[in-house]
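Hey, can you work out the whole structure from these sequences and the hints?
Protein chains in written order, with the numbering used here: chain B, 106 to 194; chain S, 231 to 388; chain H, 13 to 93.
For the record, the hints were derived by calculation from the structure and aren't laboratory data.
All C-beta atoms in this analysis are idealised placements derived from N, C-alpha and C, irrespective of residue type, glycine included.
Be a bit skeptical, because a hint or two may be false.
Ranges of calculated distance between the beta carbons of each label pair, as one might list FRET restraints [said to hold, decoys possible]:
no.	chain 1	residue 1	chain 2	residue 2	range
1	S	T242	B	N107	16 to 24 angstroms
2	B	A184	S	P340	31 to 39 angstroms
3	S	Y294	H	A29	39 to 47 angstroms
4	B	T146	S	I307	20 to 28 angstroms
5	S	M300	H	I33	25 to 33 angstroms
6	B	Y159	S	L349	21 to 29 angstroms
7	S	I238	B	N107	42 to 50 angstroms
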Amino acid sequence: MNVFFLSVGLILCILVLLVLYRVVFGPGVYNRIAAISAVGTKTLIILLIMGYLYDRVDMFIDISMVYAFLNFIGCVAAAKYLESEKWMP
Amino acid sequence: MVFRKEDIIVSTIARILIPFIQLYALYVIMHGHYSPGGGFQGGVILGASMVLLLLTRGHDEAKYKIPENMVITLSSIGVLIYAGIGFLCILLLGNFLDYSKLAVLLHVDPAHARSLGILGVEIGVGFAVMAVMYSIFLDISTGGVLPEDEEPEEGTEA
Amino acid sequence: MILPFDIILQLFVIICAVAAITVKDLMSAVIILGAYSFFMCLMWAQMGAVDVAFTEASVSAGIGTILCIAAVMKTTRRTKD
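Okay, structure coming up:
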């Protein structure tokens, strides 16, 4: 079972690498905000897989829930700022 | 930065989510012994929930729910709880923050009294951190100028 | 200490740090630093330090990014270099 979870985690890491292309090279700030929200959801699952590999899931669930909230709040803050002044690059 | 609330989707979602975020922050404070967390982390999450209220509702409506006097008072109350428990232990003929002397007041054995003493200190830390996080965000987003202070200046200039 | 995750997360951290410095737009740099902070949280969790990971996620990736966004609003959005 450990080998299965480890391989799932590595495949998710490869998917995060694909989305990081948009973070680094995305023309403009809107691409980067959407890409970082996507990265946040994948890395939540990587945290839970690490919890399974260490055999103590109940500790890692707390961290995942906290980051799920704070991802949402950060996205709302960035959107509020970008709405208040329409600055185009 | 926080002007109007014409968007109904974000406002409704924030209204649904904020009580659950605060309940989760209380869970994090109370379970500091057994799971990762504690006073500081729970206080930061509570502060983040208040910042979400400010972002989605605007300054005028947030001032009704969370007046600025209450924020300053809460941070002082947090420090008062922390130092108060410490000095209470001194009054009961112990060292500063020596929780085993609290067993006389609470009618439990000293090991239990140590656990309850640390819980009280964590609650104090949580109050202080929550108030300070919200207050810092308020100062940065308004630039240190209250909106009601600007009107008399416009009146005297005109 | 899970070795494959360790190497891959170090690569992500270096990519995010280099990208945050070379981007010309300050708003994008703040957002990339939010992601950098969360990859650091994953590294702490992978090393077994769960409390440190919790603090890094809640403070730096959460409220720290929001405060930096509010600070960028007060200045210009284009760097001088």
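Against the structure, the hints:
Look at T242 of chain S against N107 of chain B: about 43 angstroms separates their beta carbons, and that is not inside 16 to 24 angstroms. Distance hint for A184 of chain B and P340 of chain S: a CB-CB separation of about 53 angstroms, inconsistent with the stated range 31 to 39 angstroms. The hint said 39 to 47 angstroms for the Cβ distance between Y294 of chain S and A29 of chain H, and at roughly 43 angstroms that hint holds. At about 38 angstroms, the CB distance of T146 of chain B to I307 of chain S disagrees with the hint of 20 to 28 angstroms.
Checked against the hint of 25 to 33 angstroms, the C-beta distance between M300 of chain S and I33 of chain H comes to roughly 41 angstroms, which is inconsistent with it. Against the hinted window of 21 to 29 angstroms, the Cβ-Cβ separation of Y159 of chain B and L349 of chain S comes to about 27 angstroms, which satisfies the hint. Look at I238 of chain S against N107 of chain B: about 47 angstroms separates their beta carbons, and that is inside 42 to 50 angstroms.
Hint check: violations occur at hints 1, 2, 4, 5; the rest are consistent with the structure.
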